[in-house]
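Novice: Listed here are the chains, written in short residue letters.
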Amino acid sequence: MDLKTSYLAKHVQELRPSGIRKFFDAAAGMKDVISLGVGEPDFVTPWNVREAAISSLEEGHTSYTANAGLAELRQEIAKYMRNYFSASYHPESEITVTVGASEAIDIALRAILDPGDEVIVVEPCFVSYGPLVTLAGGVPVYVQALKENDFKILPAQLEEAVTARTKAIMICSPNNPTGSMLSAAELEALADVVKKHHLLVLSDEIYAELVYDEKYTSIASLKGMHERTILISGFSKDLAMTGWRLGFVCAPEAITAGILKIHQYAIMCAPIMAQYAGLEGLRNGRADVVEMRKSYRRRRNYIVQSLNEMGLVCHNPEGAFYTFPSVESTGLDSEQFAQKLLHEEKVVVVPGNAFGASGEGHVRCSYATSMSQLQEAMRRMHRFVSRL
Amino acid sequence: MRLTDAEIEIAEILENDARLSNEDIAKMTNKSIEEIDKIIKKLEERKIIVRYVSLVDWTKVDHHQGVTAMIDVKVTPKRDVGFNEVAKRIYRFPEVKSVYLMSGTYDLSVVIEGKTMNEVAHFVAQKLATIDSVISTTSHFVLKKYKHDGTIYDPDDEDRRIVVSP
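Protein chains in written order, with my numbering: chain A, 1 to 388; chain B, 1001 to 1166.
Hints were generated in silico from the structure; no laboratory data involved. Owing to the predicted nature of the structure, the values given are computational and were not obtained by experimental measurement. Watch out, some of these pointers could steer you wrong.
Computed, partial: chain B to chain A, Cβ under 10 Å [unchecked claim]:
hint	residue
1	1022
2	1024
3	1027
4	1157
5	1159
6	1163
List of simulated lysine-lysine pairs, PhoX-like, C-alpha gap at most 25 Å [claimed, not checked]:
hint	chain 1	residue 1	chain 2	residue 2
7	A	167	A	152
8	A	215	B	1031
9	B	1041	A	294
10	A	294	B	1031
11	B	1042	A	294
12	A	223	A	195
13	B	1115	B	1088
14	A	215	A	152
15	B	1097	B	1147
16	B	1145	B	1097
17	B	1127	B	1074
18	B	1147	A	294
19	A	4	A	147
20	B	1031	B	1060
21	A	294	B	1038
22	B	1047	B	1031
23	B	1097	B	1047
24	B	1097	B	1127
No residue lacks a Cβ here, since even glycine has one placed at the ideal position from N, Cα and C.
Model the full assembly from the supplied sequences, consistent with the hints where possible.
Specialist: Here you go:
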């Protein structure tokens, strides 16, 4: 037995490291690289938000806050949930401010799962979902959202995956890595299955503000879904606040009470300066969000058309800042494509299989990068594809 | 004049980067190149797009520094033509880079560029102050430009993000 790892818990030893890591290592040392592999905005946090955090430090706000977060922040979140998500949450008993949406996903899963409980995880998805289910003692059951359905899960697929042990389903819309967004009608259809089998929905809505064509609908706003939804969101994507690690989870009172128990033991509270920054973002940052959304929309249009023109077929992603083109026409699998592209043209894309089996044959291209970088990336990729 | 959403969007895109090709603008807005050509032509003809310029930082170029002054000008408005006539007399001088009619304690804000402080002072004394309706001038010389027309001169815009993240 290897002494170095023998102290590690078995289930941690068995946990697969993220497939993204490999690419990071390969690209990190290279010069003149253009990265379409970044899962965060290229904007810096708006100045008024940064300034609010600086002021809070100057005023000496350096203490713990209430476990659930600053009362005024929770009130602003409740207002925001009503206005944008059409979902009603009580700031005192149904909202928990967390260290990023990542913590929110983790503690939500830990709050609801008994050992062996199954969670239906819709792939392709963010890399942490499956491992976090496992770490919480649950069993991830993967369901593949398919290319021919624009990477949207169908109610029949959900129905088929439900067993007596199914506790919840995890969805993310708009989606990382595909950019697909579930419409109100599609969510209704999923909600019917959820209600029929008395499941919970863990809905990751971190990209809710970054939608470009249609109005956004939250599953929590649908009839009868408030009590069945754990809604997770945060400040990272729309307000370009990734490094602040500030998110929140909204859930019915009883579930929030459970989530809060774990949060208070594990984390205590989210950092106070980030909370003050988030407060300013909710109160006075919406104009910035509008501008950033406009800019992403133009870049999305540009990259989708450019990729399709070079034969890398991709559907029109309604939200987030990712495109998920197929590389099948090149004869390469997604890892080969990404490797070869990196070495020959120094453009970083992430192989689709890092996000689950149905991502194979695709790569994730983030357009959270400047227009001039995107233009150069498209030139290089076009050159690369024409050579193959 | 009322513009369509598409026309406004294209004006905004060009205001931000006038060197984008019509082909790229077409892709960014999901329109055909012909539509873009047509819209830009209309914006140009109606003088909504007045001119395409580059923002040059001449302070980085040897022997090209120059000086900029902002002059607060008080004038007596004339019957019927108000401030417009005196504004026109002022903005026709090539040394004058901009002229704005202001609310507040003075009337016209005039921006002047010259090679030296002397040259600007000379212009103010000889040309500007001597115009009939001008009552007084107050000159402020610009010491350093940090930001101009929404653009920061020396932006610290290095991409600090890690190359790949989930």
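Novice: Compare the structure with the hints numbered earlier in the document and write down the numbers of the violated ones, lowest to highest.
Specialist: 1, 19, 20
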